[in-house]
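Trainee: Residue strings, one per chain:
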Amino acid sequence: MNQGYAHPEKLVSTQWVAEHLTDPKVRIVESNEDILLYNRGHIPGAVHIDWIADLNDPLARDYLNRTQFEQLMSKHGISNDSLVVFYGDRSNWWACYALWVFELFGHTNSAVMDGGRLKWEQESRPMTREVPSHESTTYRAPERDEKQIRAFRDDVLQHVKSGLPLVDVRSPGEYTGKLYHMEGYPQEGAMRAGHIKGAVNVPWSKAANLSNGTFKPADELRSLYEDEQGLKPTDNVIAYCRIGERSSHTWFVLKYLLGYEQVRNYDGSWTEWGNLVGVPIER
Amino acid sequence: MDRQQQIDFILDHYENPRHYGAIDNATMVQKGGNPGCGDVVAFYLKLSQDGRIEDISFEGEGCTISQAGASIVTEMFLGKTLQDVELTPAEVILDTLGREIAATRLKCAVLGINTVKEAARVARRNRAE
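Top line first, the protein sequences correspond to chains A and B. Under the numbering used here, think of the first position of the first sequence as 1, with each following residue one higher. Under the numbering used here, think of the first position of the second sequence as 1, with each following residue one higher.
Honestly, the hints are just simulated from the structure, not real lab data. A couple of the hints might just be wrong.
[Said to hold, decoys possible] Below, computed lysine-lysine pairings styled on DSS-like, alpha-carbon distance capped at 30 Å:
hint	chain 1	residue 1	chain 2	residue 2
1	B	K107	A	K178
2	A	K216	A	K25
3	A	K206	B	K46
4	A	K216	A	K232
5	B	K46	A	K178
6	B	K46	B	K107
7	A	K197	A	K178
8	A	K10	A	K25
9	A	K147	A	K232
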């Protein structure tokens with residue numbers, strides 16, 4: 001797909017996926033907010049990866065480790081050279097999140113299906129409840145490399161001190177401190193409301209066409225981030241939300257659709273920053 | 001039930017919701033929701049003079065867990081007293097849905113049961129006045 005995107009290969013169309021359902025080099029992965037959507041029906045051959053059960057450590061607030069990632073890949077028949085195509089609900093929030101986690105383990109041969117589950121359904125494309133059984137693989141992953149795409153709180157603090165750009169992708173109500181948590185997600189609240197000092201507010205949803213879940217074309221995205229907020233592709237940017245899922249969407253937009261070379265996702269996000277003692281907050 | 005049976009059970013409630021639709025002569029209507037994630041429910045209760053749920057139904061939209069949970073709650077509380085409802089811990093819905101599946105979607109799982117429990121609290125207050 002190319003709507004002026006910097007890395008058009010990172011986005012595939014529903015038609016492309018329909019033409020590659022049985023391509024052995026392609027593994028289609030569904031990742032959703034709604035835990036049982038996959039069970040109600042999914043793209044034939046697609047496997048399910050749940051952001052909590054599969055990608056998060058069950059105890060610590062962190063991601064799975066290298067061994068667990070290797071086992072997950074092997075179980076789903078994903079090889080080191082597989083092209084993994086992600087899709088899901090909510091305009092691909094969780095698809096982008098899963099793609100980002102895969103990238104922590106160096107699996108960059110990946111793409112997102114533009115429009116996600118919503119567009120596939122709107123086009124009345126085939127769905128099945130049959131869970132595929134792919135032959136397991138021997139996947140070898142490196143240790144997680146977080147320097148390039150993941151930001152921790154100390155990185156963010158340094159970023160603030162250096163006056164580097166931060167993008168808060170939450171809703172204006174959360175950004176301005178009127179809400180202590182995203183509406184409907186009280187368990188993901190914080191002791192303080194507002195935003196990280198110096199952050200600009202570009203809600204993730206402005207980058208998406210919510211009627212069909214697709215990404216907006218590059219010229220509209222540039223206008224959004226560059227004309228309106230003054231960002232530049234050479235900037236060192238950190239994006240955040242409340243737990244890092246919405247900001248994964250923005251991370252994908254900035255890194256792959258607009259070609260920003262230095263963009264990291266702060267997955268600790270507001271649930272960490274809004275509970276930290278003594279960090280700079282603005283409203 | 002194993003995990004697949006539990007999933008089938010939940011999806012059956014989601015796709016074939018029990019007691020779905022408004023009750024015209026309901027004694028009360030109680031709404032609840034997690035609007036941020038799109039889960040909304042409205043329960044209709046028809047109460048007897050002595051505080052028993054003679055009829056219960058719901059309408060709603062949202063994720064599979066929230067809507068299946070609401071459907072299950074209508075079966076759980078039909079014929080029960082308001083006191084029964086108030087004394088029922090919300091956690092019982094987790095056992096019915098399956099803790100392994102519901103544990104990571106708690107807010108969705110308890111939406112239905114907490115909405116009916118709120119209805120019971122409201123009804124008891126109204127009766128006391």
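Trainee: Each hint needs a verdict: does it hold in this structure or not?
Mentor: Now the hints, each set against the structure:
1. B:K107 to A:K178: Given that 30 Å is the threshold and the Cα spacing comes to 22 Å, the pair holds.
2. A:K216 to A:K25: holds (28 Å)
3. A:K206 to B:K46: Violated, at about 44 Å.
4. A:K216 to A:K232: holds (18 Å)
5. B:K46 to A:K178: Violated: B:K46 and A:K178 sit about 38 Å apart, past 30 Å.
6. B:K46 to B:K107: holds (26 Å)
7. A:K197 to A:K178: holds (16 Å)
8. A:K10 to A:K25: Cα-Cα ~16 Å, so holds.
9. A:K147 to A:K232: holds (21 Å)
Of the numbered hints listed earlier, those contradicted by the structure are 3 and 5.
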